[in-house]
Amino acid sequence: MSTAKKEGGCLFSEAQLQQIEKDFQDWFNNSLRDSDRQTEGAYFSHSGIPIKLIHTPADIKHLDYTRDIGLSGQPPFLRGVYPNMYRGRPFTVRQLAGLGAPEDCNLRIKYLLDHGATGVNILFDLPTIRGYDSTDPEAEGNVGACGAAVDSIWDMDAYFADIDLGTISTSIVTHLPSTSIVIPGMYFAVAEQRGIPWKNLAGTCQNDFIMETCVGSAPEMLWPRASFRLQCDVIEWICKNIPRWNPISFNGYNLREAGTDAVGEVAIAISNAIATADELIRRGMRIDDFAPRMSFFWDLHNDFFEEIAKCRASRKVWYKIISERYGAQNKKSLLMRFHVQTAGVTLPATEPLNNIARSAIQGLAAVLGGCQSLHIDSYDEAYSAPTEEAALISIRTQQIIQAETGVCNTVDPLAGSYYIEYLTDEMAERIAAYIKKIEEMGGLVEAVESGWLHREISNYNTAYQKKIESGEMPIAGVNFMRAEEDRTHDIEVFEYPETYTRQKAKMKRLKKERNQQKVKMHLKILREKCHSDENLYPYALEAVKNLCTLGEIEELFREEFGLWNFQLL
Amino acid sequence: MNRRIRVLMAKLGLDIHWRGVYLVSEFLKEAGMEVVYLGNSFPEQIVEAAIEEDADVVGLSTLSGNHMTLGPKVVKLLKEKGMGHVKVFMGGVMPPKDAVKLEAEHGIHKVYLPDTSMETIIEGIKSSMRDS
Chain A
1 MSTAKKEGGC LFSEAQLQQI EKDFQDWFNN SLRDSDRQTE GAYFSHSGIP IKLIHTPADI
61 KHLDYTRDIG LSGQPPFLRG VYPNMYRGRP FTVRQLAGLG APEDCNLRIK YLLDHGATGV
121 NILFDLPTIR GYDSTDPEAE GNVGACGAAV DSIWDMDAYF ADIDLGTIST SIVTHLPSTS
181 IVIPGMYFAV AEQRGIPWKN LAGTCQNDFI METCVGSAPE MLWPRASFRL QCDVIEWICK
241 NIPRWNPISF NGYNLREAGT DAVGEVAIAI SNAIATADEL IRRGMRIDDF APRMSFFWDL
301 HNDFFEEIAK CRASRKVWYK IISERYGAQN KKSLLMRFHV QTAGVTLPAT EPLNNIARSA
361 IQGLAAVLGG CQSLHIDSYD EAYSAPTEEA ALISIRTQQI IQAETGVCNT VDPLAGSYYI
421 EYLTDEMAER IAAYIKKIEE MGGLVEAVES GWLHREISNY NTAYQKKIES GEMPIAGVNF
481 MRAEEDRTHD IEVFEYPETY TRQKAKMKRL KKERNQQKVK MHLKILREKC HSDENLYPYA
541 LEAVKNLCTL GEIEELFREE FGLWNFQLL
Chain B
1 MNRRIRVLMA KLGLDIHWRG VYLVSEFLKE AGMEVVYLGN SFPEQIVEAA IEEDADVVGL
61 STLSGNHMTL GPKVVKLLKE KGMGHVKVFM GGVMPPKDAV KLEAEHGIHK VYLPDTSMET
121 IIEGIKSSMR DS
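Here the protein sequences come in this chain order: A and B. Residue 504 in this note's numbering sits at position 504 of the first sequence, and the numbers go up by one each step. Residue 77 in this note's numbering sits at position 77 of the second sequence, and the numbers go up by one each step.
Same shape as in the complex, but just chain B:
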């Protein structure tokens, strides 16, 4: 199977900062991925859209402190809907210890904190596809 990686990008909840999520979306497109940007949305809508778009990857962006409440919920709902194979990535501003916890305990595939290069994110997504 050699289809393009399908990525669903979303801003989590009420977070207003769209600069990062827009940039990542643009760079992923440039790297040859198919990207759908959902805008601000809540876990239920994100999971619904992931099913509809047949996404391989869900990218969640948040800079406003809802990462621990809404992030894990997306992973949980995906599993419940039989979409456990979808890799969930997060990016944004949060305390590093929360990022560790999200990866270790809540099934987030990878959290990218500020200063991450676009190259790292692109590589991270590609290699997550190779692993599966």
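Chain A on its own, in the form it takes in the complex:
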């Protein structure tokens, strides 16, 4: 793809390069076997970048060190967002916590914090994620499974009982804009009640319209443009009111898990950031008002070097866009900061303990790629949300990488590898080309409404699965060196069947104790404002403070914005 090679090249002199290329040809012709020469051209990275038997300076001769690679904390930030990287601050060990009722999660959060986690990452059950109360008929079977049930501000208070909101960093995994306008508001309101100033709150909410409309399927789904509007409302309001909060995590992760390659993952997330920046500027904000608070979320999959190259390339692509196109001045705007989760989709149920090895390798790639925070998936991924034992192994794996291997002692240790620099450069070009393709479709919101992204995901998945079926993509113990006998485990999963009963009782009490007049009034105001240009956040926050439930607010959005009936098949 990198046909138009750039001018420059201070890494090697012309004379040196000529010698290197000549030596390479001699070596290729004389030192290799016929079979080696014949298979040259048959190796590709996961996303399709050609891989040579050996890489040399000739593959990166067009790169200029100062312009294209440089130092950490300096443009183009390829080598890392901060000059001192992990010597200054180790990556945040951020493990997920959420199952059952908020009271159960509270214990799990305390357990993780006691064992060295430095940030928490809170998960919700599907009714909460999709905006239904625990008592809604649609919620049947899913209350408290895969995450905690949160119906009202009372639940958020219980989730964080006896935890100082002013000192921790909390990632609220809300996924959808329509719930990000409600659930983080519960957190902010709880802090307010406890007398903690909003300026002390640190954290992230996910808030990504791609999650709402493409990544997850649902019985009822908002239109992409409505979801996108809410996404921008959340960012605008939080930037103005909660200065240390990241109001969006452009979520490449779940998109990748749903089905894209590494190029698509980064390109689509950045395209969302572009659409968002354009909209917020249209609303009168300046790029430096919000860009410093934008963060990204990557999936670290199996192709070790490509994934490291992806992390490095993503920083460079972002820097170019934010500086050249938007003219950002604040240095923080230029930095692509990202959280990483290892790839759940790569973790089979067969011989699950092997997943500890897979996840450790993916986690290592994340650290070599310069992530800001990390979640390492647990070995029981294909069975349930992690058990306590499995979650602890994930934390320990992070600590092993951080404290025992020495990889954090120097910044971007793989820089200068001919292969890594070649891959990084290729990734950057391919990501930029993919972003351009989306722009030619009219931008990401248009592209999504046309059904393009669903087709893209579907095609990728079919091809991926065929590679597994044919054995072209080997998975140890599954389609490669599979054992004769059944090697699935029976893992004892956490179950909280009583969650539903508890939430139901709480809901009954809530509805009895709250001021019905106020509830009605705030829902009515919010409903009316849906049809105005005003930012909906303050109205949703008032509703939350007055004990309106998540489901009541979401139902209102579904009614006022209408449903997108996208046919997948």
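Quick caveat, the hints were computed from the structure, so don't treat them as lab data. Computed from a prediction, not measured in an experiment: that's the story for all the values here. Each residue gets a CB set at the ideal place from its N, CA and C atoms; glycine is no exception. A portion of the hints provided could be inaccurate.
Stated by the list, open to error - 16 angstroms max Cα-Cα, derived EDC-like pairs, lysine to aspartate or glutamate:
(1) B:73 - B:103
(2) A:466 - B:26
(3) A:332 - A:404
(4) A:467 - B:119
(5) B:73 - B:44
(6) A:466 - B:30
(7) B:73 - B:105
(8) B:97 - A:289
(9) A:524 - A:555
(10) A:466 - B:119
(11) A:467 - B:115
(12) B:73 - A:138
(13) A:61 - A:103
(14) A:504 - A:552
(15) A:520 - A:542
(16) A:466 - B:115
(17) B:73 - A:140
(18) A:467 - B:26
(19) A:508 - A:552
(20) A:331 - A:288
(21) A:110 - A:23
(22) A:506 - A:157
(23) A:524 - A:513
(24) B:110 - B:80
(25) A:504 - A:140
What the hints assert, rightly or not - Far from chain B, some chain A residues (derived; all Cβ distances over 12 angstroms):
(26) 59
(27) 137
(28) 274
(29) 360
(30) 380
(31) 416
(32) 484
(33) 485
(34) 524
Fit chain B to the known structure of chain A by using the hints.
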């Protein structure tokens, strides 16, 4: 009778993971079956659609913990509506002991856990038709 096998595929309840159900649907189509994908739905809607589509097989996908509550309900409702001949398959993420229970006690014809090859699923459906 030599008609194509008619399969109704659905995601159970609020489960958001559509990758698996989409893939299985595509591979079943490629294997010559007629596939209708209902999207996210609840037992009552699934059974209604199974009647309307005259399905031979219902395939339920779930990765989010509602398998024990919603899965058996589909089987029960099918029987009540006189559709007891319809074979119900499930696929997704769940503890293996639940899969055993669903097959042994709740009338699910077969549960496919992660790592199952598409070939196994296709064969499983075809042979269930031969048995009946």
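Checked hints:
| no. | hint | result |
| --- | --- | --- |
| 1 | B:73 - B:103 | holds, 13 angstroms |
| 2 | A:466 - B:26 | holds, 11 angstroms |
| 3 | A:332 - A:404 | violated, 31 angstroms |
| 4 | A:467 - B:119 | holds, 13 angstroms |
| 5 | B:73 - B:44 | holds, 9 angstroms |
| 6 | A:466 - B:30 | holds, 12 angstroms |
| 7 | B:73 - B:105 | holds, 12 angstroms |
| 8 | B:97 - A:289 | violated, 53 angstroms |
| 9 | A:524 - A:555 | holds, 12 angstroms |
| 10 | A:466 - B:119 | holds, 11 angstroms |
| 11 | A:467 - B:115 | holds, 13 angstroms |
| 12 | B:73 - A:138 | holds, 14 angstroms |
| 13 | A:61 - A:103 | violated, 58 angstroms |
| 14 | A:504 - A:552 | holds, 15 angstroms |
| 15 | A:520 - A:542 | holds, 12 angstroms |
| 16 | A:466 - B:115 | holds, 13 angstroms |
| 17 | B:73 - A:140 | holds, 11 angstroms |
| 18 | A:467 - B:26 | holds, 15 angstroms |
| 19 | A:508 - A:552 | holds, 14 angstroms |
| 20 | A:331 - A:288 | holds, 9 angstroms |
| 21 | A:110 - A:23 | violated, 60 angstroms |
| 22 | A:506 - A:157 | holds, 13 angstroms |
| 23 | A:524 - A:513 | violated, 20 angstroms |
| 24 | B:110 - B:80 | violated, 20 angstroms |
| 25 | A:504 - A:140 | holds, 12 angstroms |
| 26 | 59 | holds, 35 angstroms |
| 27 | 137 | violated, 8 angstroms |
| 28 | 274 | holds, 26 angstroms |
| 29 | 360 | holds, 20 angstroms |
| 30 | 380 | violated, 9 angstroms |
| 31 | 416 | holds, 38 angstroms |
| 32 | 484 | holds, 15 angstroms |
| 33 | 485 | holds, 14 angstroms |
| 34 | 524 | holds, 28 angstroms |
The structure shown violates the earlier hints numbered 3, 8, 13, 21, 23, 24, 27, 30.
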